[in-house]
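Here are the chains, one letter per residue:
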Amino acid sequence: MQHLLPLAAVLPLVAGALVPAVAWRRPDRAWGWAVAAGSGTLVVTALLTLRLLRTGPFSYPLGGWAPPWGIELRFDALSALSLGIAMIYLAVLVFSRRYAQSAVAPQRRAWFYSLLLVNLGGLVGFACTADLFNMFVCMELVSVSSYALVAAGGGRIAALAAFKYLVAGAVSSMLVLFSVGILHALTGSLNMADVAVRLADVEARGPVLLAVGALTVGFMVKAALFPLHLWLPDAHASAPGPVSAVLSALVVKLGVIGLVRVLPLFTGLEWLSLAPLQEALAWLGAIAIVTGALAALLQEDIKLMLAYSTVSNVGYIVLGIGLATPPAVTGGLVHVLNHGLIKATLFLAAGAIIYRTGYRTLRDLRGVGRMMPWTSVALSLGVLSIVGLPPTAGFLGKWYIALGAFEAGRPGFAIALLAGALLIFVYYLRILNALYFRAPLREEMLAVREAPVSMLLPVLALALLCLLGGLFGSGPVALAARAAAALAGGG
Amino acid sequence: MTGSWQNLDYFAFVALFCIGLYVVLAKSNLVKKLLGLNIMETSVFAFIVTSGMVDGGTAPIVGPGVTGPFASPLPHALILTGIVVAVSITALALALIVEIKRQCGTIEADELKGLD
Amino acid sequence: MLDFRVVLAPAISLACGLLVFVLGRHDGWRATLTLSAALIKLLLILTLLPGSLEGVVYGYRAFDFPPGVGIAFRVDALGMFFALVSSTLWVLATVYAIGYMREQHERVRFFGFFALCVSTTVGIAFAANLLTLLLFYELLTICTYPLVIHDETPAALRAGRKYLAYTLCGGALILLGTVLVQHLAGSLDFGTGGLLRAAAGQPLLPLTFIALVAGFGVKACLMPLHGWLPTAMVAPTPVSALLHAVAVVKAGVFGLLRVTYDVFGVELLAGLGYMSWVAALAAFTILAGSFAALAQVNLKRRLAWSTISQLSYIVLGAALLTPLAAMAAIVHIANQAFAKITMFFVAGAIERGTGRTELHELAGLGRVMPWTMAAFTVAALSFIGVPLFAGFITKWYLSLGGLQAHAGWVVLLMLASALLNAAYWLPVVYRAWFRPPRGLAEGVKEAPLLLLVPMLVSAAYVVLLGISTRVPGMPFSLAEAAVHYVTGIGAGP
Chain A
1 MQHLLPLAAV LPLVAGALVP AVAWRRPDRA WGWAVAAGSG TLVVTALLTL RLLRTGPFSY
61 PLGGWAPPWG IELRFDALSA LSLGIAMIYL AVLVFSRRYA QSAVAPQRRA WFYSLLLVNL
121 GGLVGFACTA DLFNMFVCME LVSVSSYALV AAGGGRIAAL AAFKYLVAGA VSSMLVLFSV
181 GILHALTGSL NMADVAVRLA DVEARGPVLL AVGALTVGFM VKAALFPLHL WLPDAHASAP
241 GPVSAVLSAL VVKLGVIGLV RVLPLFTGLE WLSLAPLQEA LAWLGAIAIV TGALAALLQE
301 DIKLMLAYST VSNVGYIVLG IGLATPPAVT GGLVHVLNHG LIKATLFLAA GAIIYRTGYR
361 TLRDLRGVGR MMPWTSVALS LGVLSIVGLP PTAGFLGKWY IALGAFEAGR PGFAIALLAG
421 ALLIFVYYLR ILNALYFRAP LREEMLAVRE APVSMLLPVL ALALLCLLGG LFGSGPVALA
481 ARAAAALAGG G
Chain B
492 MTGSWQNLDY FAFVALFCIG LYVVLAKSNL VKKLLGLNIM ETSVFAFIVT SGMVDGGTAP
552 IVGPGVTGPF ASPLPHALIL TGIVVAVSIT ALALALIVEI KRQCGTIEAD ELKGLD
Chain C
608 MLDFRVVLAP AISLACGLLV FVLGRHDGWR ATLTLSAALI KLLLILTLLP GSLEGVVYGY
668 RAFDFPPGVG IAFRVDALGM FFALVSSTLW VLATVYAIGY MREQHERVRF FGFFALCVST
728 TVGIAFAANL LTLLLFYELL TICTYPLVIH DETPAALRAG RKYLAYTLCG GALILLGTVL
788 VQHLAGSLDF GTGGLLRAAA GQPLLPLTFI ALVAGFGVKA CLMPLHGWLP TAMVAPTPVS
848 ALLHAVAVVK AGVFGLLRVT YDVFGVELLA GLGYMSWVAA LAAFTILAGS FAALAQVNLK
908 RRLAWSTISQ LSYIVLGAAL LTPLAAMAAI VHIANQAFAK ITMFFVAGAI ERGTGRTELH
968 ELAGLGRVMP WTMAAFTVAA LSFIGVPLFA GFITKWYLSL GGLQAHAGWV VLLMLASALL
1028 NAAYWLPVVY RAWFRPPRGL AEGVKEAPLL LLVPMLVSAA YVVLLGISTR VPGMPFSLAE
1088 AAVHYVTGIG AGP
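Residue numbers (this note's numbering), protein chains in the order written: chain A, 1 to 491; chain B, 492 to 607; chain C, 608 to 1100.
Calculated from the structure, these hints are not laboratory results. The structure presented is a predicted model; accordingly, all values stated were derived computationally and were not measured. Keep in mind that a hint or two might mislead.
Here are the computed lysine-lysine pairs in the DSBU-like style, where the Cα-Cα straight-line distance is at most 30 Å [as the list claims (entries may be wrong)]:
(1) A:Lys164 - B:Lys604
(2) B:Lys592 - A:Lys164
(3) B:Lys523 - A:Lys164
(4) B:Lys518 - A:Lys164
FRET-style restraints, in silico, Cβ to Cβ [claimed, not checked]:
(5) A:Ala17 - B:Ala568: 16 to 24 Å
(6) B:Ala582 - A:Leu297: 34 to 42 Å
(7) A:Ile287 - C:Ile647: 48 to 56 Å
(8) C:Leu879 - A:Leu53: 25 to 33 Å
Selected chain B positions facing chain A (in silico; Cβ < 10 Å) [claimed, not checked]:
(9) Ala506
(10) Met531
(11) Ile552
(12) Val553
(13) Phe561
(14) Ile588
(15) Arg593
A virtual CB, placed ideally from N, CA and C, is assigned to each residue, including glycine.
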């Protein structure tokens, strides 16, 4: 039981490594193995979260080496996100079965699941680590598997998008590694808490500023924050269905979580005030909200629309973090989870529709609501959620961030937030309008059947979570508030 | 060496990083971009390793008759991991470039932009 | 006191709506389902009536989710009034719709969303805090959209887009206002006599006011936010009836009433002086709406502009901030609703029976469809403000309220409005009764029973509301209880 914390990340990683062996000559076994590993991860993270709720944050020294010499894994309020990660990932893994059967060649199928599991392991590891370099390694696990997964479905656009993503991601990773190197050179330590303490004694200002700057820019690229978001739309839109869900819901949040983990390191310095940085983040977040929404409005392809919507929603989260008042940061962090749930629902539902119909543009998908009623219901729930209708999950983040904006004395940001919400409403209504209130353009659309059960169940489960996440959202909000307090007050 | 001359190597690495970044951004050929990326990665690794150096330190290997000061071995471990990551990224990028060449017939970014 | 009936009321029509979607293919079953749900709901709300008359407030807390506010319901006299009006009208509208929508396409979708609309309306009426109100308000927008675009013609789709554009912007403004209220007052609950009482002088207060008034003003058709209503006339007549009398516009004015009495409170508003702007806008709307109605040639369009004009009576009543004016505002919710729905029923019956929609074509219909036109006449007289009809009560109390507020111009406004109403209703009535019919096809006769009975019942209500002010237990006393609740003072001469 005491080794549960590393198990959370190690389980999917090892399972991912073993997939090719398990699926030797029997490619369809890979799915079952992957789902089992995903379920195991879910159980482990659930147990960890339970322990967190009962006794508070706890640590695990890797290899028995006590921090700050060893690598420390730590499960605190922010790490509870790993439970959300595991939930979403399990849904994605269950969903992938049909997709992989149709789009991935049999000899590659095992590698597909392998990559997915490595991705999961990296995500969970990233959330649970208190060591800077360990964070970098987990980030790379996620990033490299993501680059490969984008191209997994084949196709020209996917390959190009994957390359663009790779270049952007690798540059940002190098920036982060560079900063980690600077911090290590200055303080001699890699443990986050230790670095925070030692950094206060460092006299060389230039390198510290360079480190802050490089970290921020690096994580901004990972989070696709305006104006460094250009790699995202193509990557998320041309990736295979389940991969888009993972990318938009989870991988993109690495940048945000990274910022939240790393910025408190610099708050102990008397000569450095993070306020200008937070101000800049708030502004960029607000601009991202509006530009992302406007760009989404112009799209015809449903997946591109969803991808730009991700850009917009990351803007919300960063705005919340940039405003730096407790409700705003709570709202931003809660939106990390909620947007993950919602975006996964939307991408998986869209993926199911594309799987059945073969079409991706709103024009071609007219009237699908009648042929695929349950999938469309799930999609509609996701739409209502992301629009922020109470009491769905999407409402919580927006409410707290708006409240935080007023508390910070910046009503303009609250107005930007609501304007963005309105724009979001418009383009998602376009989707619903096309699905339900237009007649299909082609005869063949009438023969479309409902999505297969293995796709439908996870989609509906996630849609239900979108609804419940709002109604019973006091748990995540409380955890987010704790994490926010650590960010604003303690750090 | 005194003053900022002490840190000449660090400036060199930052310069190398910027050169690599420039190559990534400015060059059109995908393989050249990849090379720029590798230059960036190398600069960061060199930076980290150099930061572990101690004045008058020797290789961090304990043995009979070997006394300190030792250079810090931690950065060595760090960059080994980093090199592994860099190699896998390079391999993946090369595979993607081959695929792009196969699908699009070109690996010049300018021409590829026109194709989309 | 905690009472499950409070949440049962909206739940019934919600269940009905969902059942219609799943099981509603068969005409007979669907009709039975919707009708029985309507009746059960009305009866349920009636059981809450005696308590409300005494001033009892029922409550039910459903979900307490994070913002510290929850989804909660409460039945106070004001909410009760609104809920009673809409439930009664739902029964009538359902009967009418069953008759009108025979042989029409997409009946399942129609009746399903019809039921959901009323569910959300009662949710608005029984909302215990601003957040619940907002939730059901937005749900109402979503549920009425499929009804507006029912015919799916290009005109209908355009009208639907315009409707959504207006109402969604309004909703966003209300959300802004809600967050501001939470920020300024720390709570969103109704029933405190003015959440923002302690917030006078705060710099964000004007923004809050504008956001909430403009937000609710969209559905309340306060000029210049009224543009969606005339265009929405392309909807089938039962939908127009629902929109104009029962649900959407009444939700807008109800929201404004809640904002006035429960969010800001009469004292704060009197101190701030913003309401004089609103009163001016309302007066302008009353007049401009009437002038626009005069210019219309299409019957439904004239009804639309008349609605815009009439709604501002309610807004004006709230803006004057006196108990008598509040009386007028609340009572007019019912008066306008019943009279307007009568007129819409008539318009639909005429269209079904003769295919005519333009006003000059209505000559002589009194001969052929006497009961129909009688109902229309009753409603027209009510709008003009003839004593013994409901509309007179409103004008009377609004005038008194104006005098109470030292705003004598209100009396003049009432007279002017009465004259304008006469100018655009009386010619229609005259033409119908005293001119010979032209070009009527053979076999045009009185409207079928399913269309006729609802309009006669609502016309009877119009008369009833006009004469029964002293009868205990009748709507008027409920309105009095509501005024007592919102102003803390008794009303009435």
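Exercise for the section: Starting from the hint list further up, note which numbers the structure goes against and sort them upward. Expected result: 8, 9, 11, 12 and 13
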